[in-house]
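Peer 1: Kindly produce the complete structure, drawing on both the sequences and the hints.
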Amino acid sequence: MRKVEKLSGQNKLKPYHAYDGWKKKHFETKKVTASLEEVLTKLREDLELYYKKLLMQLEAREIKMRPKNLANITDSKNYLIIQITEVQRAIDQLKRKLDIDKMNLIIEVKMRKQAISEVRTLKAELAQNRMNLSLQPQLGSIGCCNTF
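Each position in the sequence shown, counted from 1, maps to that position plus 578 in this note's numbering.
Think of the hints as simulated: they come from the structure by calculation, not from any bench.
Accuracy of the hints is not assured; some may be wrong.
[As the list claims (entries may be wrong)] Here are the simulated distance ranges between beta carbons:
#1 Q671 x A705: 48 to 58 Å
#2 E637 x Q671: 13 to 23 Å
#3 V687 x L632: 32 to 42 Å
#4 L633 x T611: 37 to 47 Å
#5 T619 x E703: 35 to 45 Å
#6 K620 x S695: 37 to 47 Å
#7 K602 x I669: 29 to 39 Å
We treat Cβ as the ideally placed atom computed from N, Cα and C, and that holds for glycine.
Peer 2: Here it is in structure tokens:
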């Protein structure tokens with residue numbers, strides 16, 4: 579009987595150990611990626627700075643190249659380059675946001691699956707406990723009747 583209780587206790591703890599293992603891996607990975615995220619943030623800031631410098635240089639060149647009597651700058655190649663650069667910058671920002679949202683969604687899905695698994699485990703434990711409680715009075719009455 580003690581062995582059964584011991585094995586039952588070990589079975590109940592398996593999901594918790596699995597969750598703890600997943601949680602430890604998650605936090606260890608998070609620690610490692612923290613430094614990488616700092617580097618990534620710095621590189622993104624540098625990229626943003628380069629975009630701004632490029633746009634300023636292109637706009638300055640546009641002003642120098644534009645004849646004084648022409649007010650329409652939309653026809654020049656330089657203006658098109660400026661527009662392309664701005665669109666590329668916007669696309670890069672959207673891609674970064676998409677990547678971040680994908681990662682957050684993956685994390686949420688994993689956590690939801692883990693929560694569902696834990697709820698199932700808890701429900702099974704509750705059903706087992708209810709069954710044990712309902713069987714205990716019956717076993718007790720059977721045990722007292724067999725004493726001759």
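Peer 1: Does each hint hold? Answer for all of them.
Peer 2: Against the structure, the hints:
1. Q671 x A705: 48 to 58 Å: Taking Cβ atoms as reference, Q671 and A705 lie about 51 Å apart, which means the hint holds.
2. E637 x Q671: 13 to 23 Å: holds, 20 Å
3. V687 x L632: 32 to 42 Å: holds, 39 Å
4. L633 x T611: 37 to 47 Å: Roughly 32 Å apart at Cβ, these two residues miss the hinted range, so it is violated.
5. T619 x E703: 35 to 45 Å: Holds, at about 44 Å.
6. K620 x S695: 37 to 47 Å: 38 Å Cβ-Cβ, so the 37 to 47 Å window holds.
7. K602 x I669: 29 to 39 Å: Roughly 38 Å apart at Cβ, these two residues keep to the hinted range, so it holds.
Going through the hint list in order, the structure does not satisfy hint 4, though it satisfies all others.
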